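Sequences and hints are given; from them, build the entire structure.
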Amino acid sequence: MNEFLQALVNGVISAGAIALPAVGLSMMYAVLRFPNFAVAGIASLGAYVAYLANFHFGLPALATIPIAFVGAGLAGVLCDWLCMRRLRDKMGPDGMLTVAIVSIAVMIAIESALRFTFGNDLRNFDVPLMRDVTIVGMRVSPQQLSNLGIAVGVTVALFAYFRFTRMGKAMRAVADNPMLARLKGIDPKTIAILTIFVGMGLAGVGGTLLGIDTSIDPLTGTRFLLTFFAASVLGGLSSPAGAVIGAVVIGVAEEVALIWLPSTYRSAIGFLAIFLFLTFRPQGLMGQR
Amino acid sequence: MPTPTPRRRFLKFSASGLLLSAQPLALQHAFAQSGDIAIGALSPLSGSGAQYGPPMQKAIAAVIKEVNDAGGVLGKRINLITEDCQTNPEAAVRAARKLIDIDHVSAIIGLWSSPVTQAAAPLCWESKTVIACASGADGLTLLPHQGYLFRTQPTTTLQGRKFGEFALSQNAKKLVYLTPQTPFVQSMTDNITKAIASAGGTVTTIVYEDKKATYRSEVDRALAGKPDMLILGGYVADTAVLVKEIYRAGFEGKMVAFAYAVNKQLIDSVPKETVEGIFTIAPSPAEGSGAYTHLKQLIGQDNPDPYTCQAFDHANLVTMAMAIAKDSSGEAIKNAMRRVGTAGGEPVTDAVAGIKAIAAGKTIDYVGASGPCKFTPIGDVVDAQFRYEQIKAGKQTLLKIA
Chain H
768 MNEFLQALVN GVISAGAIAL PAVGLSMMYA VLRFPNFAVA GIASLGAYVA YLANFHFGLP
828 ALATIPIAFV GAGLAGVLCD WLCMRRLRDK MGPDGMLTVA IVSIAVMIAI ESALRFTFGN
888 DLRNFDVPLM RDVTIVGMRV SPQQLSNLGI AVGVTVALFA YFRFTRMGKA MRAVADNPML
948 ARLKGIDPKT IAILTIFVGM GLAGVGGTLL GIDTSIDPLT GTRFLLTFFA ASVLGGLSSP
1008 AGAVIGAVVI GVAEEVALIW LPSTYRSAIG FLAIFLFLTF RPQGLMGQR
Chain D
389 MPTPTPRRRF LKFSASGLLL SAQPLALQHA FAQSGDIAIG ALSPLSGSGA QYGPPMQKAI
449 AAVIKEVNDA GGVLGKRINL ITEDCQTNPE AAVRAARKLI DIDHVSAIIG LWSSPVTQAA
509 APLCWESKTV IACASGADGL TLLPHQGYLF RTQPTTTLQG RKFGEFALSQ NAKKLVYLTP
569 QTPFVQSMTD NITKAIASAG GTVTTIVYED KKATYRSEVD RALAGKPDML ILGGYVADTA
629 VLVKEIYRAG FEGKMVAFAY AVNKQLIDSV PKETVEGIFT IAPSPAEGSG AYTHLKQLIG
689 QDNPDPYTCQ AFDHANLVTM AMAIAKDSSG EAIKNAMRRV GTAGGEPVTD AVAGIKAIAA
749 GKTIDYVGAS GPCKFTPIGD VVDAQFRYEQ IKAGKQTLLK IA
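Those sequence lines, one after another, are chains H and D. The working numbering applies: residue 768 is where the first sequence begins, and numbers increase by one. The working numbering applies: residue 389 is where the second sequence begins, and numbers increase by one.
Derived contacts from chain D toward chain H, CB cut-off under 8 Å, selection only: (1) I594; (2) A601; (3) R604; (4) V624; (5) K632; (6) A637; (7) Q653; (8) S657; (9) T662.
Calculated directly from the structure, the hints in this document are not laboratory data. Note that this is a predicted model, so its numbers are computed, not measured. Don't be surprised by glycine CBs; every beta carbon is placed ideally from N, CA and C.
Written out as structure tokens, the structure is:
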């Protein structure tokens, strides 16, 4: 029983880091209608921005989170502006495959630019490493708890933004029915830029949390691309709330299954979950269509 | 026309996207330069071996330049084509395919990781192309490679035994071997077990998946049996995550790792306390040999790692084998490879001197920067020494070479 609870705790902790990029991915898909693969490159870029702020400018790790958000968000908007905007505007919904392919090129370009600038070396945030503490028989890491807290805080803030602000509501409106939103006077282009900024910002924060917990290299984001997608698919593709739940389901399923299975099957468990969902509940956990 | 559902559209995009993302190599080096003799260098410039590939290719390029500057081999210049295996077997197969089919190389050298060599080797022997690698997995030379595969890295049979013997010398009998899935997991486990079984030791192997953000559950399982020593069998990226998890879990016992994983890059990138006291084992370069000194001068580096030394040897061996065979085909190189190190021949430490001696009708005995470079009939290196180090105050400290 204790082993099961420990696996549950481990799963929730690992879900914290993958939830944010998955949410970013889902919200961009909801508004722009294509899977923006550049999210993986931007997650690494955000982590490097935070790393520079932490290591070279001496900011505490927590203070680098907003910087990573803004840096990654701006980079995401810039990439879209340079590489994807015109295609998005010209192509209808059926041309979005082209845009998705361009986003892969952007991901590779960002990854290569990071490698060119920083090299392949692993880089470590300047944060003290603490031993785990035992709470009611469960081993938890203070650093990982703090990361989970940040992930939860950012998610709550995001949902408050969606629910209570004018722009948040406009984003939901465009995601729900772009035509109707346009009739109501909402400019889809502004909303698209804002969505990319927030979505990529979340990816940057996710990359930073991964980096604070482990270390960063140009492949930090790419390594987790499939997991981000898995969480997003499980949640229903275009539902940010679903992506959070998807991340928790994948994280917990992977850890709990390790009690009975060799850990080489970790990823297989995530994909088995996707397979089952797409077969029996294709709209995902929170999807409407 | 019905509009596809968002889910279908998403899946269509994702599937095409993921397929395409696996094709960056198709865009690289679409056109090779034409040259008299083509040799390929397929080393990891990205991925988990990215630290080792660049100096390996630098050493190979330096040897080829040296040979070309001295007039080439068989009166022809050598054209070196470099590719990135991305430390990824699929990428390596695409790169090897390109080297063989488009560039028509007669040898592919400088391969590093075992999974990459295992994937690229069949293409090589089927096309009669020599493959020289720095990979250790036992199974590689047991493949039906018809003599085309040579390795300068000691086998994992030997490495596993050394790990086991070292654990015993540290009074550790209850071992846990934590490793990602590689072609050498089984042979490492078997040979560590063989080395410690007589003293009553046991090994538990836990195979984990690399590319994960956390290994908490794996570490929980590893520490459940209260081991005396952990053997870390991964590469740099996963080991960086692992050592932090082990530290957080409060493990105070001993740890030993491959030196290619717990290297300067890792030590510099993780908090010092996580790696303090870790022992490392690596094949030792032949420090003090003429070839080692020559390599240091050639690439302007004081302390070349074992894989750079091996890549340097690959380039020298292949060029001298061509000179001996008076033919630059893969088959000719394969047949002449063992004659580069003929006992009793004129000792040489670089290809330029070797090619001159061969032209003068002499037999040669090349002793390389990584060791003697003598091969068994299946392509394993005959003799190897190991370097034992320990991380003390954040620095690799030499314990012994044996």
